[in-house]
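Novice: Straight run, no breaks: the sequence shown in the working numbering ends on number 816.
The set of hints was computed from the structure by calculation and includes no laboratory data. All residues carry an ideal CB built from backbone N, CA and C; glycine is no exception.
Derived CB-CB ranges, DEER-like:
{"id": "1", "residue 1": "Glu598", "residue 2": "Ser744", "range": "34 to 42 Å"}
{"id": "2", "residue 1": "His738", "residue 2": "Asp770", "range": "17 to 25 Å"}
{"id": "3", "residue 1": "His771", "residue 2": "Glu583", "range": "31 to 39 Å"}
List of simulated lysine-lysine pairs, PhoX-like, C-alpha gap at most 25 Å:
{"id": "4", "residue 1": "Lys606", "residue 2": "Lys576"}
{"id": "5", "residue 1": "Lys579", "residue 2": "Lys609"}
{"id": "6", "residue 1": "Lys579", "residue 2": "Lys557"}
{"id": "7", "residue 1": "Lys557", "residue 2": "Lys576"}
{"id": "8", "residue 1": "Lys557", "residue 2": "Lys662"}
{"id": "9", "residue 1": "Lys609", "residue 2": "Lys576"}
{"id": "10", "residue 1": "Lys557", "residue 2": "Lys573"}
{"id": "11", "residue 1": "Lys557", "residue 2": "Lys606"}
{"id": "12", "residue 1": "Lys800", "residue 2": "Lys735"}
{"id": "13", "residue 1": "Lys761", "residue 2": "Lys779"}
{"id": "14", "residue 1": "Lys761", "residue 2": "Lys800"}
{"id": "15", "residue 1": "Lys808", "residue 2": "Lys735"}
{"id": "16", "residue 1": "Lys800", "residue 2": "Lys779"}
{"id": "17", "residue 1": "Lys808", "residue 2": "Lys761"}
{"id": "18", "residue 1": "Lys579", "residue 2": "Lys662"}
{"id": "19", "residue 1": "Lys808", "residue 2": "Lys779"}
{"id": "20", "residue 1": "Lys662", "residue 2": "Lys576"}
{"id": "21", "residue 1": "Lys573", "residue 2": "Lys662"}
{"id": "22", "residue 1": "Lys609", "residue 2": "Lys557"}
{"id": "23", "residue 1": "Lys779", "residue 2": "Lys735"}
{"id": "24", "residue 1": "Lys606", "residue 2": "Lys579"}
{"id": "25", "residue 1": "Lys779", "residue 2": "Lys728"}
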Amino acid sequence: MKYTVLYNQSAGDSDSEKRAKQFKNTAENAQQTVELIGTTSREQAIDYVQKNIKNIETLVVVGGGDGSLNTVFSALISLDNSPVIGILPGGTVNNFARAMNIPLDSKAATEVILHGRVVNADLLHTNQRAIVSSLTLGTIAEMAKGGSTRRKATMGRALAYLFSGAKKILTTKPASIVVKSNHQRYQFSTRFLLVTTTSSIGGFTKFDPEVDIDDHQIHITVLKRFSPWRLVGYFSYFITGQIRKLNDASYLKLEQANISS
Numbered sequence: 556m557k558y559t560v561l562y563n564q565s566a567g568d569s570d571s572e573k574r575a576k577q578f579k580n581t582a583e584n585a586q587q588t589v590e591l592i593g594t595t596s597r598e599q600a601i602d603y604v605q606k607n608i609k610n611i612e613t614l615v616v617v618g619g620g621d622g623s624l625n626t627v628f629s630a631l632i633s634l635d636n637s638p639v640i641g642i643l644p645g646g647t648v649n650n651f652a653r654a655m656n657i658p659l660d661s662k663a664a665t666e667v668i669l670h671g672r673v674v675n676a677d678l679l680h681t682n683q684r685a686i687v688s689s690l691t692l693g694t695i696a697e698m699a700k701g702g703s704t705r706r707k708a709t710m711g712r713a714l715a716y717l718f719s720g721a722k723k724i725l726t727t728k729p730a731s732i733v734v735k736s737n738h739q740r741y742q743f744s745t746r747f748l749l750v751t752t753t754s755s756i757g758g759f760t761k762f763d764p765e766v767d768i769d770d771h772q773i774h775i776t777v778l779k780r781f782s783p784w785r786l787v788g789y790f791s792y793f794i795t796g797q798i799r800k801l802n803d804a805s806y807l808k809l810e811q812a813n814i815s816s
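Using the sequences and the hints, build the whole thing.
Specialist: Here it is as C-alpha cells:
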C-alpha cells in the first residue's frame, strides 16, 4: 500500500511535520510505501490533490481538524472518484474524526489508518466548497466570529465572543432563510439554522444520535424561537442528544437542499 501524507509545512505548524514523519516511520516499519507532501496554503494543497489524484491510493491528512479536511474534501468534489482518506486528528474540535470514531491520539489513529477497515461517509458540499460535518447560519453563527482583535487581546477570546454575540442578538433581527427541496419550500425567521451530516457538533458526539455518517441525508435543525434567557435550556438539549424534542426547533431531513437568505 502506498500512503501519500499531506501536512501543513507552515513555520508555525511544525507539529504537523513531526507527526507526518512519525507516521512515515511507523508505516515503513510495516513494509508500506510513504510519500510526504508539505504544503503552505489551502490553494497549494487543493492544487496538489487535483493534479496527482491518479497516483494517490490512500491520502493521509495530518493535523486534520475540520478545516484541514475541508481543504482536502474541497479538492475532491469536482473529481470522479476519491482515494481512501486517513486522518491524523490535530484540530481543536475534530467533529468529523469524532463522528467516525477515529482516536484523537496520533499513535492510535495511525493504527486505524494502517489496520482499520474502510467505511463510506456522506460529504455535504456546494458547487465549489466542501462542508465538513456542519454549516451554521444566522445570528448565533455570527457569534463564532468573535469580536475585534483588540477586544480579544484585552478581554480574552471567550469573553470577546460573548460580548460580540450579545451585542448582535440585541441589535440585529433574525435572519429570513428559505430552504427549497424538490417541490417543497420552507421559510424560517431564525437566529440559528444548522445543517449537518454527522452526530458530532461542537465536540459533542451525541448531538443527534439519529444522524448516520452515510445515510445520504442532509439534516437541518432550525431554532424557530429564541430567547437569551433560555440559552441554558437549549444547551442541555444540545449536549444530551435531545435536540429533536425541543419545542422551539424545527427539523428537516432532505436529500438535497437549496438554502438562501
